[in-house]
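One letter stands for each residue in the lines below.
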Amino acid sequence: MTQSSRTTGGRRFGVGWMLLSPALAVYGIIFLLPALLLMVISFQVNAPELYLWERVYSPENYRRFYTDPYFLKVIGKTLAYCVVVVLATLVVGYLLAWSIYKARSFAKTTLITLVLTPLFSGALLQSLGWYLLLARYGPINAGLRALGWLDKPFNFLGTDAAVMIALVHAFLPFMVLSILNSLRTIPANLPDAAASLGAGSWSAFIRVTVPLTKGGMIAGSGLVFGMTLGSFATPGIVGQGKIQLLAQIIYQQAIQVFDWPFAAVISLNLLAMLGMISALLALLTRRTGGEVR
Amino acid sequence: MSYLVLDGLSKTFRQVEVLRDIRLNVEEGEFICLLGPSGSGKSTILRLIGGFEWPDGGSIELAGRHIHDLPPNRRDIGFVFQDYALFPHMTVEENVRFGLAYRKMDKAEMRERVLSVLGLVGLTGMEKRYPRQLSGGQQQRVAIARAIALRPTLLLLDEPLSNLDAKLRRQIRLEMRQLQRELGITTVMVTHDQEEAMTMSDRIAILQNGMIQQFDTPLRLYREPVNLFVAGFIGDPPINLQPCRVEIADGGAELPVWGKRFRLDARDGAPIGNGRELVLGIRPENLRVTDADEASGSVIAAKVEAVEHLGGSALVHARTTDGSRLCAVAPPQDVPQAGQRIGLAVQTDAALLFDGNTTNRLPELVLQEGRPQVPASSTGGMP
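First to last, the protein sequences are chains A and B.
Here the first sequence is numbered in my numbering, starting from 488 and rising by one per residue.
Here the second sequence is numbered in my numbering, starting from 60 and rising by one per residue.
Pulled out of the complex, with its shape left as it was, chain B reads as follows (with noise of 0.2 Å):
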């Protein structure tokens, strides 16, 4: 039996279903990210574990014992919310001593934790300021160090990065973690960060329309998206998506795209159906530039339309001879001019094919490279 076990949660605000049969099993000790766009329901599900919203149906299972009909405040569960919500008229002692009244323990012994949870967070001598003589960054390693100095069965944290600039959200973000590992407290955080959520998380819940999407370990989410909406949502660029349509010529299956004819394989054996739509997906880093006359069977001709400079890498936006558009990335020795005519290589064995009816990924289908003799034409000849 997992952790913390979320068993067919719904919830459904003024007749708007928000939460659709949400099934979730966190291990103990796990650093759990929520990710999904705004609206899909992750900051419910926080609410519904925290006791601030009631599910309208499901269970909620935690270290063994049921607490989705307990109010809030005997669930012994920490949050951290977003803005932070620290009492304004106490200071930051006060603040993180706020829910040891609850619990059986005396002054000194409580004044002991206090001060070491202020130092597992970076702010001794801190303690008689209150929250607003506080910068964001100090006020939210408060709601941290307020939220574990009871030590809690479960951490949840609400946005609790997305009020930080930049730079200093990255750096709490190593040291949240750090503190997580250190303190085993398994953790569940809702965030619309990609980025956040793919270094912070053990594994991360891909939500939209109230639905969990995909489950999984960040690298597997990257790799091997379920469906469309992971595949987009997940990578940075985006992913290159192309609806295109299943040909069956005399020598096999094969997807007419870009300006090529790439074949099609199905593993063991199976169909694939001709006229079938598809959704190939390239991410960017699979692409690689190359010179626009290498005849390879893998090799796309297109036009550079854009480059993008990042210092360490770059963008290069390209539109291919039927037209679409498809974005690489170049290593810094190696960019493309705008205007440019090049050839885009395709590393087949990572592209992605999603059915283009359902949008699931059919990992049964593999791309190979196409024949390289055929000269590049938006139509193609039928045999």
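So that you can see chain A by itself, here it is in the shape it has in the complex (with noise of 0.2 Å):
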């Protein structure tokens, strides 16, 4: 009987790799093999007159890059970069997300419409939208002086404070889209049940809605933290080519030194960090319990 169930099992087992094998041969050719390959070519001297296998192995392009100050500092301000932007996001984002969850039908629709519009528009456009506001010459320049809080013309375009607002506004959707979906799995009444035990609306929020919505606020944290790493376009436009993030960087080596190896090792120390995060975040999801959708 046991010996019967234990060999269908077995075959079931075996049905089932079977059936899995389309998508399991899509996943290596799409994302295994590019990655060893990346992982080959990382150890690779750099040689481009020779081909790929041609070349002579050595860990000197790590070895480069953890030693280099300037490849040290910009690991340091993308992450940076990353912590602010997720910080930006979530606090406007869990307000866009609250206003749209409380606001009626029509009100609702339309919020939803505008926040979404960002996704439509592609990185390209929103960071051209913001480079001629944030110019020299721009609207906002404009009217700062008409203020009288600008003395003369200033350039917002290369600050850091101007890409990551490009950012922020680049990412807002996936985190207001992530904290709504949480929102609206709060049964209607719990906000009723903490109000007939005492607490105020604002204590209520603290104490029950918050708390419910974590899983939301974890994964578009997880989101924005994975898009800002990766960043590449908005701070290119935004950011003048004064600002150098990793993906610059990356975009630098690999096609303007034509330095493959060494943009390897750079991509592959941004999956590095990209792994870990999605590793703590996916740990502090398991903290709260499992109850947060």
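These are computed hints drawn from the structure, not numbers from a lab.
A virtual CB, placed ideally from N, CA and C, is assigned to each residue, including glycine.
Hints should not be assumed to be uniformly reliable.
Unchecked claim - Here are the computed distance ranges between Cβ atoms for each label pair: (1) Trp504/A x Gly195/B: 37 to 43 Å; (2) Val697/A x His368/B: 32 to 38 Å; (3) Leu174/B x Ala512/A: 57 to 63 Å; (4) Gln230/B x Ser508/A: 27 to 33 Å; (5) Ser690/A x Ser372/B: 53 to 59 Å; (6) Gly195/B x Leu767/A: 34 to 40 Å; (7) Gly178/B x Ser508/A: 31 to 37 Å.
To be verified - Subject to a maximum C-alpha distance of 30 Å in a straight line, what follows is the list of computed DSS-like cross-link-like pairs (lysine-lysine): (8) Lys589/A x Lys729/A; (9) Lys166/B x Lys701/A; (10) Lys163/B x Lys187/B; (11) Lys729/A x Lys560/A; (12) Lys187/B x Lys701/A; (13) Lys729/A x Lys595/A.
Using the hints, build the complex out of the two chains.
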């Protein structure tokens, strides 16, 4: 009895893998193979005139990356960008999600549409929008000068603040949608229950609503963190080349310097950071007892 | 002055009048039920008292304090929701302790209060569990514990038992009533289950279309309903109702109904009125199954159509000679067969008479036995 069930179980297991194999093949070709290739290349001594398989292997690229203070500074700066952008989208995104959650039908649809628009326009268009707004003779400069807060035109482009604002704007929809989704799963009478037990609306929000939206906040933060880490076009355009984040460095090394092995090292480091953040967030989610949705 | 006073409460949602001039006086320590079909406005009354809705008019007074303009968190009212509304991210203990944070209490005092309340509802040892790890009945107990931990001036229960299975409901019903008596906490419960209301309440307010039809003890609601709605709503199996018309004969007023002519008396010489339209109501347990040939002034001839055996008794569905349907309760040892001809003895002093137009009960009219010699006939003979 047990033996026969075990054999069928075993057969099913095999069948399962066979059924999965197309998906596995796609995964292998699209994700695993390039990642492996990246790893192999990262250990090669750069020699553009040689084929990949003719090159010499050495850990030199890694040594260079981890000892050069410039690259360490870029990593630090990129991580700092991630933290600031995540925190800013978290605060603004929560406010937006909350107002959408509380809005009535027509206002709700309108607000959701407005929040989603950046998603449809693409990074280039958004960045150009900010470029125009923040430029030396753009409307923001004109406005600030009209108010008397600025004596002469100031070029906001190329500043950290400008890039961060543009990034927050670009990634806000992901945060809003994540938080809104978990707000919606909160039973409507929980705030009433909190009130009947003596909680004011702020206290009820902090003690009931916020903990129950932890899942959405974590998911949104993970998305925004990853996207900031890999952001390329926005820092490039709004930063006018003055802001160097990891993605820009990778581009430089791969396309301008033509040092693929070194670009591979940076890419792998970026991937590793992303992996660590994902693991951390997964851990956070589990910590909350798993009842977050 | 009563403990809880609802005075002329009204509420309109999107031009629909949900409540109209609700007046209710509840004494301290009473257990009150708001009973009515869905849409009768009973939950809205509860939410108005709790502070989750604002009345369009009228006032609410609790323990000598006007509370209708206070936010819910300042009303000092415990609320148990239909789906319990437990905080899923908190343990049982944290749920029960939630409201204590707003009282001036130290940690040890809080813990002691939480444990004693959990002991009251029989959940000792469950402190560290999360709501999702509890059964429906246990969740319900946590909800009650959480509400009474604050020792509120009033406890509101919104259909607290409707999500439980029948057996558990019966048990918790008793426990809840006992707990309420022990704590002496004034309680208002909303329910659509009349059995629940009848067994638990000191008094019941029957609601229909946003108005209180009658507010009375369970027994008086049953025996002396003010109108047709209350008579029909209370009682299971439902009361037998029969529209009929008064005929004044030489001997006095008569009521031809169910193939029989009953006499009709009026107390204190109240007028009866020829041709007046009435509704005669008789509860199934006030109809006794007898032999078909029993010739008495109160026995109706009928033919059994169906019998429902309930174990302790049986429901006999019969059709009278004039084609009306009647339901009677028969003791289990004496149940007739379907198709059998029987007599149904009407306990005339238990019969209820209602005005056919206003639907109000007419307590001044009394049903009397008819003349036994009149043969059963649907048309009857005018003198």
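(message) Taking 27 to 33 Å as the stated bounds, is the beta-carbon spacing between glutamine 230/B and serine 508/A within them?
(response) violated, 56 Å
(request) Would you mind confirming whether the straight-line C-alpha gap from lysine 163/B to lysine 187/B stays at or under 30 Å? (result) Roughly 24 Å separates the two Cα atoms, so the pair holds.
(request) Please work out if lysine 729/A and lysine 595/A have their alpha carbons no farther apart than 30 Å. (result) With a Cα-Cα distance of about 39 Å, the restraint between lysine 729/A and lysine 595/A is violated, given a limit of 30 Å.
(message) Given the hinted pair lysine 187/B and lysine 701/A, is their Cα-Cα distance within 30 Å?
(response) holds, 21 Å
(request) Can you let me know if the beta-carbon spacing of glycine 178/B and serine 508/A is within 31 to 37 Å? (result) violated, 59 Å
(message) For lysine 589/A and lysine 729/A, compute the direct alpha-carbon distance and say whether it is at most 30 Å.
(response) Violated, at about 41 Å.
(message) Is 34 to 40 Å respected by the C-beta to C-beta distance linking glycine 195/B and leucine 767/A?
(response) Holds - the Cβ-Cβ distance for glycine 195/B and leucine 767/A, about 37 Å, lies within 34 to 40 Å.
(message) 57 to 63 Å was suggested as the range; check whether the CB atoms of leucine 174/B and alanine 512/A agree with it.
(response) The hinted range 57 to 63 Å holds for leucine 174/B and alanine 512/A, with Cβ atoms some 60 Å apart.
(request) With 32 to 38 Å as the target window, see if valine 697/A and histidine 368/B comply at their CB atoms. (result) Taking Cβ atoms as reference, valine 697/A and histidine 368/B lie about 58 Å apart, which means the hint is violated.
(request) With respect to the beta-carbon atoms only, verify the hint that serine 690/A and serine 372/B lie 53 to 59 Å apart. (result) The hinted range 53 to 59 Å holds for serine 690/A and serine 372/B, with Cβ atoms some 55 Å apart.
(message) Against the 30 Å threshold, does the CA-CA distance of lysine 166/B and lysine 701/A hold or violate the hint?
(response) holds, 27 Å
(request) Indicate whether the distance between the beta carbons of tryptophan 504/A and glycine 195/B respects the range 37 to 43 Å. (result) holds, 41 Å
Going down the numbered hints, you'll see the structure goes against 2, 4, 7, 8, 13, while the others check out.
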